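Novice: Sequence:
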Amino acid sequence: YKMKKTNSIKDAYGNGLLAYLNGNHKARFTVYSDLAETEKWDISTFFRDYDEMPELERLALKECSGRVLDIGAGAGSHALWLQQNGFEVDAIDISPGAVRVMTERGVRNARLCDYFMLQDEKYDTLLSMMNGAGIVGSIDGFARFFSKAKELLNENGKIIIDSSDIIYMFMEDDGSAVLDLNADYYGQMQYRIDFSGEKGEYFDWIFIDFDTLAGLAAENGFNCKKLYEDDHYLYLAELTLL
26 YKMKKTNSIK
36 DAYGNGLLAY
46 LNGNHKARFT
56 VYSDLAETEK
66 WDISTFFRDY
76 DEMPELERLA
86 LKECSGRVLD
96 IGAGAGSHAL
106 WLQQNGFEVD
116 AIDISPGAVR
126 VMTERGVRNA
136 RLCDYFMLQD
146 EKYDTLLSMM
156 NGAGIVGSID
166 GFARFFSKAK
176 ELLNENGKII
186 IDSSDIIYMF
196 MEDDGSAVLD
206 LNADYYGQMQ
216 YRIDFSGEKG
226 EYFDWIFIDF
236 DTLAGLAAEN
246 GFNCKKLYED
256 DHYLYLAELT
266 LL
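Our numbering runs 25 ahead of the 1-based position in the sequence shown.
Treat the hints loosely; a few may be bogus.
Across the chosen pairs, the derived CB separations fall in these ranges [what the hints assert, rightly or not]: (1) Gly246 with Asn49: 44 to 50 Å; (2) Ala208 with Gly48: 30 to 36 Å; (3) Asn47 with Asp198: 45 to 51 Å; (4) Arg73 with Lys224: 23 to 29 Å; (5) Asp256 with Ser201: 19 to 25 Å; (6) Lys51 with Gln215: 25 to 31 Å; (7) Thr63 with Arg136: 42 to 48 Å; (8) Asp256 with Arg133: 34 to 40 Å; (9) Gln109 with Ser69: 31 to 37 Å; (10) Lys65 with Asp256: 19 to 25 Å.
These aren't lab readings, by the way, just hints derived from the structure by calculation. Source: prediction; values computed, not measured. Ideal Cβ positions, reconstructed from N, Cα and C, are used throughout, including at glycine.
Please put together the full structure from these sequences, using the hints given.
Specialist: Dropping the structure here:
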């Protein structure tokens, strides 16, 4: 197989997705963060079909309605399911390789676009999956995220988003958590995704606990409801305008 590189200087993520699409089914990302151990991720995870998706993702797809924006759509697995089920869906990603993968997989409206830059569009559902809240980057970023959501949502629109509470990473044996109160919110981190010797850029990412998300949502004019939670602190939330 030949790996087709994208033109972007730093798109290790997109090049990994392309490699998988082009037949390297053992392809893995090496993921570095300033908070956790280095991890290896199977790229196949991004290509799951509906039956292989975890319950949380299947539920999220079923909660979508009307015209959908899939934010950070990656390889396009969620967008493809929505499209096959009659939804009008725009799938956006900031990775040129990801957008190429989506297009080659048959996503009709795959666009190289940053959520925060979107203009003059209206949606009924904003969907952001696979720790989708992460794209906001930091606690301070949520005001901007919600402000853009208000621009993009139709009157009875909603946001479907998932995240994890990573407090367990700071737990002591007695069940208490030790946090540096002078530091940033404990779920904020920096990530880097490498593929096959190609280094990605570090980027800001956030894992936000549900109560903090609900508080920020309320401050910014949204109601926040938990739809699902698994045993690993991962949850699905639905946010609607107050």
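Novice: Which constraints among the numbered hints does this structure fail? Numbers only, ascending.
Specialist: 2, 7, 9
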